[in-house]
Amino acid sequence: MQAILMREPGEPDVLMQSELPTPEIQHPTQLLVRLAAAGVNPIDTKIRRRGPLLPETTATVLGCDGAGVVEAVGSEVTRFQPGDLVWFCHGGLGGLVGNYAEYIVIDASVAQPKPRSLDFVQAAAAPLVLLTAWESLHDRAQVRAGQTVLIHGGAGGVGHVAIQLAHLAGARVATTVSSPEKADYVHALGAECAINYREEDLVEAIADWTEGRGVDVALDTVGPDVFRQTIPAMAVYGDLVSILDPGPFDLQEARTRNLRISLELMLTPQLRGLTDAQAHQGEILRRCGDLFDQNQLRIHVDQSYPLERAADAHRRLEAGGMQGKLVLTTRN
Numbered sequence: 001m002q003a004i005l006m007r008e009p010g011e012p013d014v015l016m017q018s019e020l021p022t023p024e025i026q027h028p029t030q031l032l033v034r035l036a037a038a039g040v041n042p043i044d045t046k047i048r049r050r051g052p053l054l055p056e057t058t059a060t061v062l063g064c065d066g067a068g069v070v071e072a073v074g075s076e077v078t079r080f081q082p083g084d085l086v087w088f089c090h091g092g093l094g095g096l097v098g099n100y101a102e103y104i105v106i107d108a109s110v111a112q113p114k115p116r117s118l119d120f121v122q123a124a125a126a127p128l129v130l131l132t133a134w135e136s137l138h139d140r141a142q143v144r145a146g147q148t149v150l151i152h153g154g155a156g157g158v159g160h161v162a163i164q165l166a167h168l169a170g171a172r173v174a175t176t177v178s179s180p181e182k183a184d185y186v187h188a189l190g191a192e193c194a195i196n197y198r199e200e201d202l203v204e205a206i207a208d209w210t211e212g213r214g215v216d217v218a219l220d221t222v223g224p225d226v227f228r229q230t231i232p233a234m235a236v237y238g239d240l241v242s243i244l245d246p247g248p249f250d251l252q253e254a255r256t257r258n259l260r261i262s263l264e265l266m267l268t269p270q271l272r273g274l275t276d277a278q279a280h281q282g283e284i285l286r287r288c289g290d291l292f293d294q295n296q297l298r299i300h301v302d303q304s305y306p307l308e309r310a311a312d313a314h315r316r317l318e319a320g321g322m323q324g325k326l327v328l329t330t331r332n
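Numbering follows UniProt numbering, in which position 34 of the sequence shown is assigned residue number 34; successive positions increment by one, without gaps.
For the record, the hints were derived by calculation from the structure and aren't laboratory data. A few of these clues could be false.
[Said to hold, decoys possible] DEER-style ranges, computed between Cβ atoms: (1) SER18 x ARG286: 29 to 37 angstroms; (2) THR275 x TYR237: 30 to 38 angstroms; (3) GLU204 x ARG79: 46 to 54 angstroms; (4) SER75 x LEU265: 30 to 38 angstroms; (5) LYS46 x PRO248: 15 to 23 angstroms; (6) SER179 x ARG144: 29 to 37 angstroms; (7) SER179 x GLN26: 47 to 55 angstroms; (8) THR256 x ARG79: 45 to 53 angstroms; (9) ASP208 x PRO113: 42 to 50 angstroms; (10) GLU19 x ARG260: 49 to 57 angstroms; (11) THR268 x THR22: 26 to 34 angstroms.
Virtual Cβ for every residue (Gly too), placed ideally from N, Cα, C.
Given these sequences and hints, build the entire structure.
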């Protein structure tokens, strides 16, 4: 099979198209999936630059998100049969198990039926950002109707689905953007307030929007500086969630406000082999699949690339300024 192989960390040019053996089912609970598309996520570029998260591995096939057709099933698999269409988030953290390839073997427990309303490109774009946004808002912050929620980077991959999930939960949503065009985009997703961070002061804008109270929930998708800037925009007893390392910060204001600070890494179940947590993530995908098919949720694909142009996709992602997601497609 054709795959994109990384033998050492570095710039996008380390991603090389290679011929690898097609993987085979080794355990009775596994599926062989013929991949149609693979999502491209920031974690992929970080691993490419720094090396695999599973340090004992060398040659690596990246790609956590996949969508495709079941080719074969293990003897104990009852939920799927050959020909079924699936989507999932698994692999890509080290070794040859990743979705920048034509085939992958995964355990049936991590796969879900692909939403009928999504094509393969859309389905491959969605799992990681959906799981990150859902766990951040529902599992960490326990978002509920009537709350005010701030989503940073609302036009990005996690941000654009987080806006929709918060809105569906009955919350009022504010978000940060970098242009009037992106402001129009996030309003269409359900954001009530769009703050152009290049022109407006975040704390002042949130104070105006909440009549001085601050937001009940904030999701940082950007990094340490934004995390620190968000603390004075929070309501007392609020929930501040970051999907990145917030770095060192002064706890005094956060403590005075009695903030609950949470960290979100949806890769933990895979990194630590937590089967119950992986099953929970499967249930999240199932519920989100229903929302897609009920036309209550949508995923935006900024651009798709053929598999052999994985390096170009990485360059595009690292250049920034996108709306939504990037996807690689196979010839299968």
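Right, here's what the structure says about each hint:
1. SER18 x ARG286: 29 to 37 angstroms: About 34 angstroms separates the Cβ atoms of SER18 and ARG286, which means 29 to 37 angstroms holds.
2. THR275 x TYR237: 30 to 38 angstroms: Holds: the Cβ-Cβ distance is about 34 angstroms, inside 30 to 38 angstroms.
3. GLU204 x ARG79: 46 to 54 angstroms: holds, 52 angstroms
4. SER75 x LEU265: 30 to 38 angstroms: holds, 34 angstroms
5. LYS46 x PRO248: 15 to 23 angstroms: Distance hint for LYS46, PRO248 holds at roughly 20 angstroms.
6. SER179 x ARG144: 29 to 37 angstroms: The hinted range 29 to 37 angstroms holds for SER179 and ARG144, with Cβ atoms some 31 angstroms apart.
7. SER179 x GLN26: 47 to 55 angstroms: holds, 49 angstroms
8. THR256 x ARG79: 45 to 53 angstroms: holds, 50 angstroms
9. ASP208 x PRO113: 42 to 50 angstroms: With Cβ atoms ~45 angstroms apart, the hint holds.
10. GLU19 x ARG260: 49 to 57 angstroms: holds, 50 angstroms
11. THR268 x THR22: 26 to 34 angstroms: holds, 30 angstroms
The structure fails none of the hints (numbered hints given earlier).
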